[in-house]
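Asker: Sequence:
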Amino acid sequence: MNILIVGPSWVGDMVMAQTLFQCLKQRHPQCEIDVLAPEWSRPILERMPQVRKALSFPLGHGVLELATRRRIGKSLAGQYDQAILLPNSLKSALVPFFAGIPKRTGWRGEFRYGLLNDVRTLDKDRYPLMIERFMALACEPGAQLPQPYPRPSLAIDPVSREAALAKFGLSLDRPVLALCPGAEFGESKRWPAEHYAQVAEAKIRDGWQVWLFGSKKDHPVGEDIRSRLIPGLREESVNLSGDTSLAEAIDLLSCADSVVSNDSGLMHVAAALNRPLVAVYGSTSPGFTPPLADKVEVVRLGIECSPCFDRTCRFGHYNCLRQLMPLSVNEALERLQGTPVEVK
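Letter by letter, the sequence shown follows residues 1 to 344 of my numbering.
Because the hints were derived from the structure by calculation, they are not lab data. Certain hints may be false.
Taking lysine to aspartate or glutamate and the EDC-like style, the derived pairs with C-alpha atoms no more than 20 Å apart in a straight line are [said to hold, decoys possible]:
1. Lys124 to Asp34
2. Lys216 to Glu248
3. Lys167 to Asp157
4. Lys53 to Glu65
5. Lys217 to Glu184
6. Lys25 to Asp81
7. Lys91 to Asp118
8. Lys103 to Glu140
9. Lys53 to Asp81
10. Lys124 to Asp81
11. Lys167 to Glu110
12. Lys25 to Glu39
13. Lys74 to Asp34
14. Lys295 to Glu236
15. Lys91 to Glu46
16. Lys103 to Asp81
17. Lys216 to Asp173
18. Lys167 to Glu236
19. Lys167 to Glu235
20. Lys25 to Glu132
21. Lys217 to Asp173
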């Protein structure tokens with residue numbers, strides 16, 4: 001049985017999609033799973049043992065280009081028994097339709113009748129978590145989801161990890177605190193740089209080193225954090241934001257003894273690497289897309305106006321993040337460090 005997954009467009013969602021792949025392998029051990037997704041997602045998919053192939057989808061998020069979708073669909077004709085769509089858009093249903101895949105499964109959304117022939121109606125109360133909504137597509141309608149829920153788990157190649165360490169001149173002679181201060185969603189997910197700097201300072205004084213991760217857009221905030229460290233401490237930090245590929249970032253994050261992250265894609269990557277993780281929440285809630293790992297501390301204030309899920313604070317104060325003091329995160333880090341962390 002060959003199954004084509006039309007994957008999501010965000011890092012965190014792609015990590016959580018592994019729960020669907022795990023469910024499919026439990027139900028159909030001999031099935032082969034290919035994932036059609038943006039090229040950036042290849043390093044994530046290549047670290048998921050359940051996935052046979054990552055198929056690069058060349059169109060950007062929201063782009064229609066009907067002729068291109070038809071061409072891709074025709075190129076996949078006759079190869080798959082089922083397609084499962086994780087996005088709810090009409091556009092995402094076009095390639096499986098043009099490919100003539102016999103069973104095309106997805107949640108009802110954006111007038112997809114006809115394009116899908118296994119249309120599910122979502123009960124948000126029954127499936128409050130995103131992973132539940134993903135896993136339910138592996139089962140017959142109304143079926144019980146497997147218990148306990150599978151968790152994302154990214155496999156790391158030690159050779160690839162050693163190459164990344166060597167490329168950036170990094171060593172593991174001291175414990176590593178990884179900081180992920182960015183968030184693609186917007187300012188309302190970003191814990192202030194000054195707070196991150198205080199956490200970094202405390203750990204460096206305890207004998208740790210600090211690695212900062214993120215995209216090129218996150219490089220300035222990484223430099224802001226480092227600039228707040230006094231000489232002598234600043235040299236114990238390195239800003240990798242924008243310098244690593246996603247593959248290198250995943251491999252290097254796997255070396256971290258602890259991670260502090262905003263609610264972001266890298267938060268889900270750290271969880272899938274089973275790193276001790278402090279997840280900082282402001283405008284969003286862990287009730288829909290929580291980090292899934294053994295050693296996680298969620299830190300949030302839960303003030304009256306949050307979660308609002310707005311990209312920018314409607315009141316302009318961002319108090320859900322600004323009033324969340326570094327002491328709370330430092331205490332969470334201490335709780336997580338109860339036992340030594342093994343780098344696998």
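Asker: Of the hints stated earlier, which fail here?
Answerer: Hints 1, 4, 10, 11, 12, 14, 15, 17, 21 contradicted; others consistent.
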